[in-house]
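Take a look at the letters that make up each chain.
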Amino acid sequence: MFNLSKNVEIEKVIDEVHTTKDRFFVFLQKLEIRLKEFAEEALPELTDLNKNDPDGNKLGFYRMKSSVEGQLDSIVQKARDVFEEKKNYFEGKIEHEHRSLYYDFRNQCLDGLQKLEITRNYYKNQIEGTDSQDYEMVYQAILEEYDSIKNNFNCVQCSSPILIDKIYFTTTYLSCAACFTQNTFEPSSQTKQLEHVGRSLAEQRTAHLLQEYKEQSKLASVIFSKKHELEMSLAGENLKDVIVQKTKIIQELTAQNEAVEKELPILYERYLRTLFDHWNAINPTMKNEHEKFYTRLLKENYYI
Amino acid sequence: MSNPLLEPIHGVSLFDYAAVCAKLGAGVAENDVLSALGIESAVYEEASALWVARMQEDSTWEVTTEFGKCFAEVENHPKLKDLNAAVTEDGLENMEKLKTDRYFYEELCGARIAAYNYGLDGAQWTQDNFGINLGDFQIVAMQWAAIQKSEVDGDDFENVLHFSNYQQEKIKEYSSQFASEQGGNVSDDIEF
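Which chain is which? The protein sequence lines are A and V, in order.
For what it's worth, the numbering used here labels the leading residue of the first sequence as 93, then goes sequentially.
For what it's worth, the numbering used here labels the leading residue of the second sequence as 872, then goes sequentially.
Only chain A is shown next, with the shape it has when bound in the complex:
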């Protein structure tokens, strides 16, 4: 009698677990559909606002971006809250001898939740992509501004023209050649951003080289994993032919891996050198400091 009632109880719990799991997956599906709809609608709006935000610092754009990201997180959080609640409920309810029922429930629901998180992360990346700035245009504006002011600065004392001989990105003292008075030249707020704009522009111009380096790194890691997997499989292998065949492939992969690894620092240095050449050309005043930064990065990233 006792066992019978216990069996009935277990059947009820099993049924409750299955029902809850099914409901959870329907719930996840609805949330995923809503997440996609919401993100797809927000993306063109963000792209448009990024281009046309009347605020120079794009504050409106950043507020909207942050809000969209917050909503995507709130959808995932809603799913997570339900998951945690149900997980805790069954954790306390399912006895030790039926623990696999609990673990299966937890793992399957967690997989579903992670799928929703992957979708959220995909859209977050898309949203991040709307935050773009054309630094070529910003730099062009700085160059044009320099052209318009370089011959229009006059001494405060004797009014003689003082040539602005280069783009100064900080307030600078300039001596008058006629009366030797020291004049203070203050660049515009736009030009004061030259150092920052220069780095961002150099990064934009060399993004393809960084990508090439990253792809080569990924390739090195894929080859290494394949090689490692084969090496591990040799441990339990008894057939001589298979051992010979696998060993041959391992040797080939080792050679490939060495070739790819050898290429990596060359690609990284090419990317970094080109980036710093661009940055130096844009803001030559800081060339010495840039070069020290270059040396540091080269040293630190070779073997990452």
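Among the hints, erroneous ones may be present.
[As the list claims (entries may be wrong)] Within a straight-line C-alpha distance of at most 25 Å, the following computed BS3-like cross-link-like pairs (lysine-lysine) qualify:
hint: 1; chain 1: A; residue 1: Lys-122; chain 2: V; residue 2: Lys-940
hint: 2; chain 1: V; residue 1: Lys-970; chain 2: A; residue 2: Lys-216
hint: 3; chain 1: V; residue 1: Lys-970; chain 2: A; residue 2: Lys-178
hint: 4; chain 1: A; residue 1: Lys-216; chain 2: V; residue 2: Lys-940
hint: 5; chain 1: A; residue 1: Lys-143; chain 2: A; residue 2: Lys-216
hint: 6; chain 1: A; residue 1: Lys-170; chain 2: V; residue 2: Lys-940
hint: 7; chain 1: A; residue 1: Lys-178; chain 2: V; residue 2: Lys-1043
hint: 8; chain 1: V; residue 1: Lys-1041; chain 2: A; residue 2: Lys-170
hint: 9; chain 1: V; residue 1: Lys-940; chain 2: V; residue 2: Lys-970
hint: 10; chain 1: A; residue 1: Lys-179; chain 2: V; residue 2: Lys-1041
hint: 11; chain 1: A; residue 1: Lys-128; chain 2: V; residue 2: Lys-1043
Keep in mind the hints are simulated off the structure, nothing from the lab.
Place chain V on chain A using the hints.
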């Protein structure tokens, strides 16, 4: 001073530079800050660019770490400590509370995060509701960060976790408040 990267630039020490950054962030006018420090903008702007470059050059992170410490110590800067932007009485009271009450600090951190998540300017929201500006908030944040680091270093993870959980609770609480002010979240109609 053993690290040459910590030497002053054109007479502007790292403490001066960090204190200027802190005061500008707290809304004090640049002219007032530089005048109190006794330097002209031409000197400061070049020194500022070079301090940034030193941080980039420094592979030990010592310059950046020291900058953070100096930033949090702005109240002890001999020339800039008494220079403040106009703050309301409530703001002053809340600032004092922010410095001494960890729960209040964690609550405002949570509120700011929630505000940004709902498309509000979190810094402006803190200014509007508590009279604390972004720069002053950051200074206090550095002080609490140092305390939290000492907790981690001393293996006091229980306390770290306690305040982290408290902040999470506050994020949820303020998120509900902002969501309700904005008519709810996009998935409110989807129920389990």
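Hints the structure fails to honour: Going through the list in order, the structure violates hints 1, 2, 3, 4, 6 and respects the others.
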